[in-house]
Amino acid sequence: MASLFRHLVTDSDASSAMLFLLSPKEPVLQLSMLYGTSWTVLSSWARIHVEEAVPAAEATRERRMVWVGDSEELALHYPRLALMVPEHAVAAAPIFSGAAVQGAACLLWPPSHPKRLRPEEAAAIETFCRRAGLLLQRSTRRGHPLLPGKRPMALTAERSRTPDQAEALAAHDYAMRLPGAMSLDLEGRITFVSNAASDLLGVGAADLLGARPWERLRWLGGSDFEDLFRATVIGHQPAQFNVTRAPDVYLSIELYPDASGVSVHMAALPRTTPAGQHQHVLPFVEATEIKPFHLLMHLAASLTETVRVSDVAETIANQFLPAFDATGLVLMTASEGRLRVVGHRGYDTAFLSLFDGHSLASDNPPAKALTGHGPLFFTSFDEFQQTYPEAVQYGTRNAWAFLPLIIRGRPVGILVLSFDRPRRFPPTERNLLVSVAGLVAQALDRACLHEARDDLARTLQTGLLPQRLPAVPGLRAAARYLPAAHGMDVGGDFYDLIRCGTAIATAVIGDVQGHNVRAAALMGQLRTAVHTHAAVGMRPDDLLTRTNQVMCDLDPGLFASCLCIQLDLVRRRALLATAGHLPPLLRHPDGRTEALALPPGLLLGIVADAHYVAVDIPLPSGLTLALYTDGLVEAPGIDIDDAISALAGRLAHAPNDDIESLTETLVGDASLNPRTDDIAILLVHVTN
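For the sequence shown, the working numbering assigns the number 685 to the last residue and increments by one with no breaks.
Keep in mind that the hints are not guaranteed to be accurate.
Unchecked claim - Using 20 Å as the maximum straight-line C-alpha spacing, the simulated SDA-like pairs for lysine to any residue come out as follows: (1) Lys22 <-> Leu175; (2) Lys365 <-> Val389; (3) Lys147 <-> His341; (4) Lys365 <-> Thr376; (5) Lys22 <-> Phe189; (6) Lys365 <-> Gly406; (7) Lys365 <-> Pro319; (8) Lys365 <-> Ala388.
What the hints assert, rightly or not - What follows is a set of in silico ranges between Cβ atoms, one per label pair, in the way DEER data are often shown: (9) Gln237 <-> Asn192: 51 to 61 Å; (10) Pro386 <-> Thr301: 35 to 45 Å; (11) Pro108 <-> Thr7: 54 to 64 Å; (12) Thr368 <-> Leu446: 15 to 25 Å; (13) Pro597 <-> Thr7: 30 to 40 Å; (14) Glu70 <-> Arg465: 43 to 53 Å; (15) Glu251 <-> Asp639: 54 to 64 Å; (16) Thr188 <-> Thr425: 42 to 52 Å.
Rather than coming from a laboratory, the hints here were simulated on the basis of the structure. No residue lacks a Cβ here, since even glycine has one placed at the ideal position from N, Cα and C.
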């Protein structure tokens, strides 16, 4: 895989690239390989949920290549990425292993790249994804699947040739003649420093090699050096800044990156800085007290994209743990005077159950931090026990930060970070953690409000659906409704089975346009109209005509599809009519399965004088009818007819002795995977 990935970067002339593999246990892309950039820089991108607004995730869930060649488009659709590479061109493409997406490749080009992807670049990406998919497929078949590791493999640029001794000496002499020269690898470690540079920095070369400048030189700890280094490694663009080495040494530092590292040129400035020259005059601080500002910006951008409480917990866990070297994280909400655990990482559920539901009046750190409106920091377990003698140590945890989440004096929740080693929590780090807690508080409060509204809408929607299907002699029926797993949207999917006397029943399924409370409310009105007309034995074509007139009278500004089937169990005949709905599936007693084409009818609510045509079919014992909505079969990149055929295939080959099990088979993986549309399915089986 490494060889394929290296060829991809070379053939596409990208400045940097990332390979993500899909986790086998959760819908998360894990960074598995990178080229031309640094793991230190990209640690906050180690895990990307497939629903996140980043090109690699979009390429995975939509099963297509994503190209962003315009900075405005990048900022509009991918704000997190735009903060890191605001002017770059980006491409992301899914990697298929068979029919399943197993990962994605993401490539970056500098701002000079044209706004369109070049044909040779697209061909290189397509070739890599095809070959990588085959490699993943073969590895799985051999019993040795390629899985994401704990840390990605970092590939460096291969030298086209090794310089001879004369060239190496000439390069060395060139560097030594400069006012100051230094070389950094992609992790920021010094690999070369000239004598002049070590003099300017005030530290011997032997003490600098292998160290990061902003960590070894305390006076560089609060400068722009680290942030600009990260920006150059990601963006492959030069950068320059000025800095003061107390008391009166002024330096100009320039960074020149490529895929193998960063060259640093430095020179002394005049004692009086020229007018308009930006300069940083810094206090004497420890580098460990500085956490880069870009982490705060990155987290802020990520939290703006969160919708649900679980999204907030996932986002802060993915970014907090690697950024602060934390081992564990717990997110709790404050509701009705109690603390509830809503997300965690690095703890088991049994341990957290000891604290879930505690009163805010309890004498424990989370409650005290929240009610006292101030953070609590414990630098070691000994210090923790001095304040709370009954404290229980989880594993090797040896330092804690309890960060209250407060909005305008109102407690929202608490964020707990834990560390395996004692930690000093210097003032600047405490301030950063408190600032981050403010961002988390806003995101958590917004998510809680969103879920409350969502729950209300879901209650409305599910309350309008049948609580159970009626018992009809001669029929076995089962239904499932799965709400969309996307944001707070609610849909207008509905189904019903109505008894029309002792030997006639009507099966109905439909889908109201839109995903909001209006759609759910209209669904309730529509289902009531259908139920009323069906209960008096109205034929499906007449039922749809009347219901369409009712919907046009309501004039909701929305449309709806509907499929209606009247089942006469005495005559053993069925009448079917459709208003723009997907065709029903019929599984005949001999196992033959088909999608029954019906005369097309207009969607309900378009014109009041629309008419519908009914089709009469036999209703033998052993026949199974499947009615469903588009959420079960529609998927990006999949032809709808192919999806319906695949569903018919599952119906044909599934055991038919248990209608409930058959329903679960047809729903299949849709109950586990993220969905952007509701799913409704109604199965009716004719018995003797």
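Hints, verified against the model:
no. : hint                          : in the structure
1   : Lys22 <-> Leu175              : violated (54 Å)
2   : Lys365 <-> Val389             : holds (17 Å)
3   : Lys147 <-> His341             : holds (19 Å)
4   : Lys365 <-> Thr376             : holds (17 Å)
5   : Lys22 <-> Phe189              : violated (43 Å)
6   : Lys365 <-> Gly406             : holds (15 Å)
7   : Lys365 <-> Pro319             : violated (27 Å)
8   : Lys365 <-> Ala388             : holds (14 Å)
9   : Gln237 <-> Asn192: 51 to 61 Å : violated (23 Å)
10  : Pro386 <-> Thr301: 35 to 45 Å : holds (42 Å)
11  : Pro108 <-> Thr7: 54 to 64 Å   : violated (21 Å)
12  : Thr368 <-> Leu446: 15 to 25 Å : holds (22 Å)
13  : Pro597 <-> Thr7: 30 to 40 Å   : violated (53 Å)
14  : Glu70 <-> Arg465: 43 to 53 Å  : holds (49 Å)
15  : Glu251 <-> Asp639: 54 to 64 Å : holds (56 Å)
16  : Thr188 <-> Thr425: 42 to 52 Å : violated (29 Å)
In summary, the structure is inconsistent with hints 1, 5, 7, 9, 11, 13 and 16 from the numbered list given earlier, while agreeing with the others.
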